[in-house]
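Line by line, the protein sequences give chains A and B.
What the first sequence shows, in numbering that gives the first Met the number 0, is residues 0 to 424, in sequence order.
What the second sequence shows, in numbering that gives the first Met the number 0, is residues 0 to 283, in sequence order.
In silico DSSO-like cross-links for lysine-lysine, where the CA-CA straight-line distance does not exceed 27 Å:
#, chain 1, residue 1, chain 2, residue 2
1, A, Lys358, B, Lys120
2, B, Lys21, A, Lys393
3, B, Lys192, A, Lys414
4, A, Lys376, A, Lys414
5, A, Lys289, B, Lys26
6, B, Lys120, A, Lys414
7, B, Lys120, A, Lys376
8, A, Lys376, B, Lys99
9, B, Lys26, A, Lys325
10, A, Lys253, A, Lys160
11, A, Lys393, B, Lys99
12, A, Lys393, B, Lys26
13, B, Lys60, B, Lys276
14, B, Lys181, B, Lys21
15, B, Lys76, A, Lys376
16, B, Lys196, A, Lys414
17, A, Lys160, B, Lys158
18, A, Lys167, B, Lys139
19, A, Lys376, B, Lys137
20, B, Lys139, A, Lys414
21, A, Lys346, A, Lys401
22, A, Lys413, B, Lys196
23, A, Lys254, A, Lys164
24, B, Lys99, A, Lys325
25, A, Lys413, B, Lys192
26, B, Lys99, A, Lys289
27, A, Lys413, B, Lys137
A few chain A residues that face chain B, going by a derived Cβ cut-off under 8 Å, partial list only:
#, residue
28, Asp329
29, Thr332
30, Leu418
I should point out that these hints are in silico values taken from the structure, not numbers from a laboratory.
Fair warning: this is a prediction, and the values are worked out from it, not measured in the lab.
From the three backbone atoms N, C-alpha and C, an ideal C-beta is built for every residue, glycine too.
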Amino acid sequence: MDEFEKAVDDIYEATGGIMERDKIKKELREWISRFGVPLIVAKREIISKYHGKVPNNDEKYITVEELKPGMGHVNLQVKIVSINQKTYEVDGAKKIMHYGMAGDETGVIPFTAWTLDVDLRKGDCVEIHNAYTREWQGQTKLIIGQNTRLKLMPPNSVKVKSNVKPAKIVELHPHMGLVEVVGKVISADKREVYVDDVPREIYSGTIADDTGEIPFTSWDIPVQAGDVIRITGAYVSTYRGMAQLVFDNRSTVKKEDLNIEIKSIPVQVESLEGRGGFNVLVEGVIIDVKDGSGLVYRCPECGRALNGTMCPVHGRVKPRADLRVKAILDDGTGAVMCLFNREQTEKMLGMDLDEVIEKVKENMGNTSVIMDMLEEKLFARPLRVRGNVIDEEKYGLRMFVKDFDFLDLEDISKKAESLLEELGW
Amino acid sequence: MPREPAWRVFASELNSSKCYMKATEPKMPSYVVTPLGAKVSRIFIVGVLTGVRVVSDEVIKARVVDQTGAFYLFAGKFRPQVRQILESTPAPQFVAVVGKTNVYQPTEDQMYVSVVPERIKIVDEILRDYWVFDTSRKLKLRIEAMSEALKMSDPTVAKIMDLGFSRKIAEGIITAIQHYDKIDVERYMDMLKSALKHLLPEYQELGYELPNISDEINEEEEENPEEEEMVLRAIEELDDGSGASYGDLVDMLDIPQERIDIILDSLKDRGEIYEPKIGRIKRM
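Start from the sequences and build out the full structure, keeping to the hints where you can.
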């Protein structure tokens, strides 16, 4: 029997057979398909609408760890880790919903409360009767609905398992859950926005530790450049192909009296896969110089590289000459496509744009002479590059190079010696 | 899907590989998995080009050696630039190569790894030293990861990653442990130390010699009728009608395999033998 049929049976039995099955079916289907009410909720609502007895097993408490999506009538004892509110409109009437995190000694779970019969605050311990769960963005979410009853418990009667992972900035990756980061705020700008008509403050900038730097967004929590802060309960999201740290009132932010040395150490390319990176340093070898590097002609309007004088968007234009390099840098752990601008390409070639154009003229307008020079200069050359790396499905890892240097290879024997010493030679 | 990294692996480690993970779908990479868990689809090599042989209009074989052994390059017709450089560069010469790994498996338990070069460039000694250093520190990392994994009663990718190793390293280590019966970490430790020693100033002043370049070149030029005769006789002996198996031939003869390859190629060129199918050799 499928879930739907089972729900029909449950309603039939709970309402003592006062409704025919077909009528129940029709009403249940309408709740689900027309109003998008989850089956489990619709079932309970219909039962209570017809004054049936909602089955419950109040005596049994389960733990957060045991919760799975699609459970009904669950009873829990939890501590409110965080709570926020949002207004929403139903038939023109404004209502308030609450959401946040609740936990016990086995774990923490997000919750949504459509109504609250007690005034819940952060830190409260509470018995929850007859709640249900749903799947929300791949996670289980606890729902406090109309038929859920809450009862406050003595303070601190529930302990919460901490699921916040301490992490270095280089390790931060989306999907790692809540994290704790200690870092120095490099820059912070404040702006105000309205979310659901509520004015909110956003502080955004970058934060760094001894492993790297990452952009952050702080909702409503003031952050000041130069401070060293400990953020507990932040999470990592990606924005435009790059990881960023996000925190708000659900997180705690403490100023620390610490000195953090911001070092620039090269990261492994593999660690950028799936997250990109802000202002990262990468050391590797150029293993490919892509076609389209060297002298290019762009549409003066949109900057597109053109084949002739026709821009697909702006029609016939007088193209503007430019220099660029697209090259694959590989450090043995992964590969990143590096995009170098005109100035950087001029530095590599030791020629400026005019000289390049002259050189191409000498070669009967054949731009491949420049491509060959770049190949010769770059292929197999160890390079250190710095810039923002974005990871997008379509292109893979790409870095917009801010600055670069050819590696100094003169002190290899010294490095070899210290590595041998490490090996106890 | 992320681009496959170009692994830095010494020749001896690559050539010891007996594990090949063939792509199950088109456009997916195939991997040679070394005993230390390097999952090599693409490789970056800097070494000394010691010998080039034009096998046919379509195939050029070449050897690039490092301090531990030789990489076997197999250049086809699809990379005219690679071919042009290989044909015109006199050995010995420092070269950098980016290529894809490939294998030849004449029998089930035999596997020979080669590299199909995508790009090649003449470079200088400084770059080679940098490559040896870079390859050494990457080898060190795999040695450490493998040593840790071998200590575990039930090693998993997650447990190795918990020790701070990257996912690619951890996955390779687990594949290697599943595939290889015995992994001699000590051997690679010795390899690592000797490779690094070559970079020390005292060695550089001595002008360390490259492994057997002159020998190899002599080998190629010199014709040895005695050995050829041995090879031909062995082929006849092993021929069960469908030709002698290459693997059996190598096992039977007391001649280094590289040398056998050279003799076979030269016999083939002269039309004395032919391959009815891959891995089988017959006398004309």
